[in-house]
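Q: Protein chains in written order, with the working numbering: chain R, 1 to 621; chain G, 1001 to 1201.
Just so you know, the hints here were simulated from the structure itself, not pulled from any lab data.
Computed from the model, here is a short list of chain G residues facing chain R with C-beta under 7 Å:
| # | residue |
| --- | --- |
| 1 | Arg-1020 |
| 2 | Ser-1034 |
| 3 | Phe-1035 |
| 4 | Ser-1042 |
| 5 | Ala-1133 |
Just so you have them, the derived chain R footprint on chain G, three or more residues with Cβ under 8 Å:
| # | stretch |
| --- | --- |
| 6 | 1011-1019 |
| 7 | 1024-1033 |
| 8 | 1045-1052 |
| 9 | 1159-1171 |
For every residue, glycine included, the Cβ atom is placed at its ideal position computed from N, Cα and C.
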Amino acid sequence: MTTLSHAPTSTRPVPNPKRSLITRLNMGTGIIVGAIFCWGTYYAMRAGRDMTDTHNVNKVLLSSMLMWSFGFLVGIGALIGPFRWLIGKDLTAEEQLYLAGDGQGIKRYFKYCTDHKVVGIQYLVGVMTMLGVGGTMAMMIRTNLATPGSHLVTPNVYNSLVGLHGITMIIAMIIVATGPFGNYIMPIMIGARDMAFPRLNALSWWVLFTAIPVLCSAWFLGGIPTGWTAYAPLSDQAGPGMNAFLATIIIFALSTAVAGMNITTTVIAMRAKGMKWNRVPIFVVGATISVALAIPAFPTFMLAMIQTGMDRTIATGFYDANVGGSGWLYANLFWIMGHPEVYVILIPGVAALMEIAPVFVRKPLFSYNAAIAGFAGIAGLSVLVWAHHMYMSGWMPSLNGPFMITTEFISVPTGLLFLVLVGTLWRGRPWMKLPMLSVYAFLWNFLIGGVTGVYLSDVPADNYLHGSMFVTAHFHYTLMGAAFTGAMAGLVYWFPKMTGRMLNERAGYIAFWLIQIGFNVLFLGMFMAGAQGQPRRVADYAFVYEHSNMISTAGAYTVGIGMITLLWAVVHSWRNGKIAPMNPWGAKTLEWTVPYPVPLENFDVEPIITSDPYGYGKAAN
Amino acid sequence: MSTDTEFHIHHDSAEKVGRRERLGVRLLIVADGSFVFGMIFSWFYLRNLNENNAWLPKGVHTFTTASGYTAAIGLIIAALAHRAGEMNHGLRRVSSIVVFLALLVGAVYQWHQMAHMPFIAHDDNGRPFYNGAYASNWVLVAGANMFHYLLGAFVALGLVIRGYRTKLDPVLEEWRQRTAGSWFTWIAISGILCAIAASFK
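Start from the sequences, fold in the hints, and give me the full structure.
A: Quick look at the structure:
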């Protein structure tokens, strides 16, 4: 794909950081300053307030949580750049190189490091941690549901488990591909030296990091009894743990906006010479469409959370019918974000698989333009379908028909994605390595997820299936079966470039099969329970659903063992795996032209792109 | 607004960096725009729904129709002053000071307006609450205006200070003026849109 120009290499100065403030700040100072801001706010606001008033309690807690986040950013040095800009004394070259982590070894992962590769690894570890925590909660949920009347946890704890599992996994899945690979790999794929806004890149990660302890604090504040959708007016009335949910979403939305803006700008403005739009790797296109969709979508979620927070702290009435509010307002704002969010999660995973398939079939990607049309069509239609989540809410029944049509129409661009993948595989001779298996797993899982989605988009069928385990199984097939499978393939595929080592193949195969078989057992069982009528989000159930729940729980444990195997494979391979060659898969995209460890600015000479990235089997390449 | 003017780690020209920064800010404006349109949607949705006739309960005082516009005046003056500075470079230092002062005074006025809202009622225990969905929406719109004022004032103060620095790259600073202009224009439009919405009682 690439020839290298004779442009001169960088002439950057050697970093010689003085022992200034910027060199002393790290995650530790961030935590200390964040804790001081948090507790300082807590005690200052408590003083003189009537803490028997729930509005005051919410006010103090919500403010303390947000101040923790702000304090952390002060403590880690995130605000030095804006402050220096304000006073007209921009960061010097040495300071910028220091922030980029030049020569700092492992310490840079605990600092406000602007190198996109460091941020990518930070996201990867963060995502794996979130998946571990969310997955543990899933195992607790499934254990409780293994038999009717098990009472492993109380109904309130069960509600909190469901809510915290939901929001933890949603956040993890939103960043599972665009976080690690969008930051580490994508700039290299387009021939850029870094992201467009390196400091904002670090900011997006560390802002997100501050949301993790906030969300965990919900557990100690009585949990979140509303599920991850936080429907009003339940969320208005919920206990103090709800504040943690609100603060988490507000912080996360800020992180997403910054990350989305940064990735989009990088791809639009920083592609290598010769990389026309029809030469951009499909993963980059998918990730960009995904984050560009998130930019307008997530602020409405943030708005809904701010309105809920205002209801809870200063006694407004957005969602209180007594003072003119309406739960439907919340449902609209939430789902205007909520449905695009599904595709924000899905598209990068599918795009990763489209990136992988040509490499292992040694054929060009079938109909690159159809793939882009599919992504763009899904993104465009995704903002016109939100009310299918509200068929049964009683909101505007006259709009059910139009929303049913737009929802069913979305299967057309989705079909294009299938067409592209199947067309790429058609008459190919697949090299059946681990990433390639995920392509087949995706086709199976997403077919089930997609077809069951058509049932749910249908108003009469939804009348029966709404609120049942059928819905839960459907969206898990879409998010886990499709998006997570794509992200897992991406992890295996790019692992050599990110760590310099090959993933342990045997452990990887075992993990893959355990996860995929367990997943299908788990959620096919859940489809059965849902079709029989078992409601979701309920801690106990009638004996009639016993067998399907037992099957699901057995599947869940299989997935759990698979995930632990995968974690072991990642950790073990990272430390002791076989040293990876520069291009172990023989791929043609730019990231495989740079060595490991990838140099600070990625390329010694600026790459010039002369052909498309999927020219397998063409003599010119 | 986040890169150095003396040295850039990507080794790109000031022109490229400037364009990139403007694109980034415009994308953030899209995000902020989505938030503002969400607020306006909330306003008209709850107004037209008028749940329990509590959009404006009987006896609740309201702001005048002009109040929304007066709250936005600082934003509008800032945008116009910045535009004047862009068109006439001789006026730039003065205009950037005017922009900053307009936003600062506007923020103080917005704060005053928020502190004296006429629709705060008290429940049986003497605890205050916002009486009616109109009141709830007003305080949200005022809060968003306040956010725009404060962020705008930060940017404006930076431009004032940087206008007196001599070691900065003039090309990149010129781009930053244009980029800031996009932001000032947007927050003025946002203020006007919110004022139009707020005029529907």
